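Undergrad: Starting from the structure of chain D, add chain C where the hints point.
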Amino acid sequence: MNAATLVLDPIVLTAARVVLALLFATTAAHKLADTRSFRDSVRAYRLLPDSTVGAIATLLTATEAALVIALLIPALARAAAVAAAALLTLYTIAIAINLARGRSDLDCGCAGPASRQPLNRGLLWRNGLLIAVALLASAPAAERTLVWIDTVSLLGSVACAAALWHAAGRLLSVRAAVASEGAQ
Amino acid sequence: MMQALIITNVLLWLGLIGLAFVVAALARQVGVLHERVAPAGALMPAGGPAVGEAAPRVTVADLDGTAVTLGAPSDDGRATLLFFLSPTCPVCKTLLPTLMRVSSEEPSAPRVVLASDGEPQEHRRFVATQRITALPYVVSTEVGMRYAIGKLPYAVLIDADGIIRAKGIVNTREHLESLFEAERRGVATIQEFLGREHEAHERAKQVEGEAA
Numbered sequence: 000m001n002a003a004t005l006v007l008d009p010i011v012l013t014a015a016r017v018v019l020a021l022l023f024a025t026t027a028a029h030k031l032a033d034t035r036s037f038r039d040s041v042r043a044y045r046l047l048p049d050s051t052v053g054a055i056a057t058l059l060t061a062t063e064a065a066l067v068i069a070l071l072i073p074a075l076a077r078a079a080a081v082a083a084a085a086l087l088t089l090y091t092i093a094i095a096i097n098l099a100r101g102r103s104d105l106d107c108g109c110a111g112p113a114s115r116q117p118l119n120r121g122l123l124w125r126n127g128l129l130i131a132v133a134l135l136a137s138a139p140a141a142e143r144t145l146v147w148i149d150t151v152s153l154l155g156s157v158a159c160a161a162a163l164w165h166a167a168g169r170l171l172s173v174r175a176a177v178a179s180e181g182a183q
Numbered sequence: 000m001m002q003a004l005i006i007t008n009v010l011l012w013l014g015l016i017g018l019a020f021v022v023a024a025l026a027r028q029v030g031v032l033h034e035r036v037a038p039a040g041a042l043m044p045a046g047g048p049a050v051g052e053a054a055p056r057v058t059v060a061d062l063d064g065t066a067v068t069l070g071a072p073s074d075d076g077r078a079t080l081l082f083f084l085s086p087t088c089p090v091c092k093t094l095l096p097t098l099m100r101v102s103s104e105e106p107s108a109p110r111v112v113l114a115s116d117g118e119p120q121e122h123r124r125f126v127a128t129q130r131i132t133a134l135p136y137v138v139s140t141e142v143g144m145r146y147a148i149g150k151l152p153y154a155v156l157i158d159a160d161g162i163i164r165a166k167g168i169v170n171t172r173e174h175l176e177s178l179f180e181a182e183r184r185g186v187a188t189i190q191e192f193l194g195r196e197h198e199a200h201e202r203a204k205q206v207e208g209e210a211a
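If you read the protein sequences in the order shown, they are chains D and C.
With the first letter of the first sequence counted as 1, position 110 gets the number 109 in numbering that gives the first Met the number 0; the numbers rise by one all the way through.
With the first letter of the second sequence counted as 1, position 207 gets the number 206 in numbering that gives the first Met the number 0; the numbers rise by one all the way through.
Think of the hints as simulated: they come from the structure by calculation, not from any bench.
Treat the numbers as computed from the prediction; the structure is a model and nothing was measured.
Mixed in with the good hints there might be a few duds.
As the list claims (entries may be wrong) - Listed next, with one range per pair, are the computed distances between beta-carbon atoms:
| # | chain 1 | residue 1 | chain 2 | residue 2 | range |
| --- | --- | --- | --- | --- | --- |
| 1 | C | Pro96 | D | Gly53 | 32 to 42 Å |
| 2 | D | Leu154 | C | Glu104 | 44 to 54 Å |
| 3 | D | Gly53 | C | Ala199 | 50 to 60 Å |
| 4 | C | Glu141 | D | Ala65 | 51 to 61 Å |
| 5 | C | Glu121 | D | Val151 | 54 to 64 Å |
| 6 | D | Leu46 | C | Glu121 | 36 to 46 Å |
| 7 | D | Leu47 | C | Arg183 | 48 to 58 Å |
| 8 | D | Ala140 | C | Lys150 | 48 to 58 Å |
As the list claims (entries may be wrong) - Not everything, but these chain C residues come out facing chain D in the computed CB check (under 8 Å):
| # | residue |
| --- | --- |
| 9 | Ile5 |
| 10 | Asn8 |
| 11 | Leu15 |
| 12 | Ile16 |
| 13 | Val22 |
| 14 | Ala23 |
| 15 | Ala26 |
| 16 | Arg27 |
| 17 | His33 |
Where is the CB? At the ideal position from N, CA and C, for every residue including glycine.
Extracted from the complex, chain D is given alone in its bound form:
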C-alpha cells in the first residue's frame, strides 16, 4: 500500500457509500414530502436572506437526491462522497452557528417535521462521524476478488448502521427535550 494514498477494501467502501446513499435517500424523501416545512426549517436557521431561502431549500433537496444516485454509480462514487462530506460540513456549521447563538429550540430539519429534533451538541458529534465516513468513502478501492461472505458484511453493516442511526437520533431528541423541560 502506498503511504501517500489510503486505499480501502472494496467492501468497506461499498458499505460506506450505500449507507450514505440510504441516509440521503431518507432525508431527501422527507424534504420532498413536505417542501413548505423544509423551507420553514431553513428560514428558521436565520443564516440566509429571506428571498433566497426558497431557492436554497430546493437546491439542497436536489443535491441530496443527486447524491443518492451518484454514490451508487462506481464511476461517480468518489466525487459524490467528497460532495457529501462538503454538504454535511455545511449542515454541521449551520447547526454549530445556531448553537453558539444559544438557539437550541430550533428543529434540526434533518428528517422532516415529525422527528422533532431540537438542536443539540450531540448532533455535531453525530454529523462529525458521518463526515468521517463520507471522507473514507472517497478513497480508492483496493483490488480484491469478492466472495459470498462479503455480501454478509455489506448487508450486516448497512443494517446495523441504519438501526444505530435511528437509535442515536431518537436518544438525542429525548435528551434535548428532557434538558429543556428541566430548565423550566
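TA: Relative to chain D, chain C alone:
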C-alpha cells in the same frame, strides 16, 4: 478451521444486527414513554387565571343556542372540563374519543365543554363530522381570551365550586388524565407534586439525622 471462522463470523453478525435493532426499538420506546410522562404542568404557559383562583364567570350560547355558564358553582356537584380546540388541530381530534368517554362515564364525572373561536358554520360542520354533537360546543373569542389560550389543545379543569383546579396544554390522553390526577391530589402540576414529595423526603431524612 476456515469453516469454524466463517460460522463464528456469521453468528456474530446476526447477534450484532439483532442488538442494533433492539437498541433502536429501545430508543423509540424511550421517546414514546417520555411523551407520555412529560407532565401537563411542564407545558403550562404563564397567563390567564391561576390555578386556585375562581374561574371567570361567563355565559355563552353554544352552537345549539343553549346557554352555557362557566365559572359558576354547579347545581349538580359536577366539575367542568373546559377543552379548547380547533378543527384544524390534528392532536385535538385524537383526544375527542377520550373526551366523549369522560363525559359519558358516571353521573359524577365532569361535564365536558368544548370551546373554540371562528365561524360557527365551520364548527357545526366539524361537530357533525367528528360526531361530538352530544358535547356542548361554545364558539367564543372572549372565553379564549379570558383564559389566555395560546397553544392548542388546552384544557382547564374547574371544580364544582367554580375554582380552577388544573390546567395546561394536553397532547395525549395521559396529559388529560394527569389534570384529573392533579385535582385529586390538590396540586397544580405534577412537577409541584414531585417537588412536594422531594421536600417531604428531605425533611424525613433531616429528622432521622437529628434523631441519630
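Undergrad: Against each hint, give a clear statement of whether it holds in the structure.
TA: Hints versus structure:
1. As the Cβ distance of Pro96/C to Gly53/D is approximately 40 Å, the hint placing it in 32 to 42 Å holds.
2. A C-beta distance of roughly 52 Å is found between Leu154/D and Glu104/C, which places it inside the suggested range of 44 to 54 Å.
3. Roughly 56 Å separates the CB atoms of Gly53/D and Ala199/C, a value that falls within the hinted 50 to 60 Å.
4. Between Glu141/C and Ala65/D the C-beta distance comes to about 54 Å, which sits within the given range of 51 to 61 Å.
5. Take Glu121/C and Val151/D: their Cβ atoms lie about 58 Å apart, and the range 54 to 64 Å holds.
6. Here the CB-CB span from Leu46/D to Glu121/C is close to 39 Å, well matched to the stated 36 to 46 Å.
7. Between Leu47/D and Arg183/C, the C-beta spacing of about 51 Å keeps the proposed range 48 to 58 Å intact.
8. Checked against the given bound of 48 to 58 Å, the beta carbons of Ala140/D and Lys150/C, roughly 53 Å apart, stay inside it.
9. Contact between Ile5/C and chain D, as hinted, is supported at the beta carbon level, the nearest pair being about 6 Å apart and thus within 8 Å.
10. For Asn8/C, the interface hint holds, since its Cβ comes within 8 Å of a Cβ in chain D; the closest pair sits about 7 Å apart.
11. The restraint placing Leu15/C at the interface with chain D holds, with a minimum CB-CB distance near 6 Å, inside the 8 Å limit.
12. For the restraint placing Ile16/C at the interface with chain D, the shortest Cβ-Cβ distance is roughly 5 Å, inside the 8 Å limit, so the hint holds.
13. Against a cut-off of 8 Å between C-beta atoms, the interface hint on Val22/C holds, since the closest Cβ of chain D lies about 5 Å away.
14. The criterion of a C-beta within 8 Å of any C-beta in chain D is met by Ala23/C, whose closest approach is roughly 4 Å, and the hint holds.
15. Because the smallest distance between the Cβ of Ala26/C and any Cβ of chain D comes to about 4 Å, under 8 Å, the interface hint for this residue holds.
16. Given the 8 Å rule on beta carbons, the hint for Arg27/C holds: about 6 Å separates it from the nearest Cβ of chain D.
17. Residue-level restraint check for His33/C holds (minimum Cβ-Cβ distance to chain D is 5 Å; threshold 8 Å).
Checked against the numbered hints listed earlier, the structure breaks none of them; every hint is satisfied.
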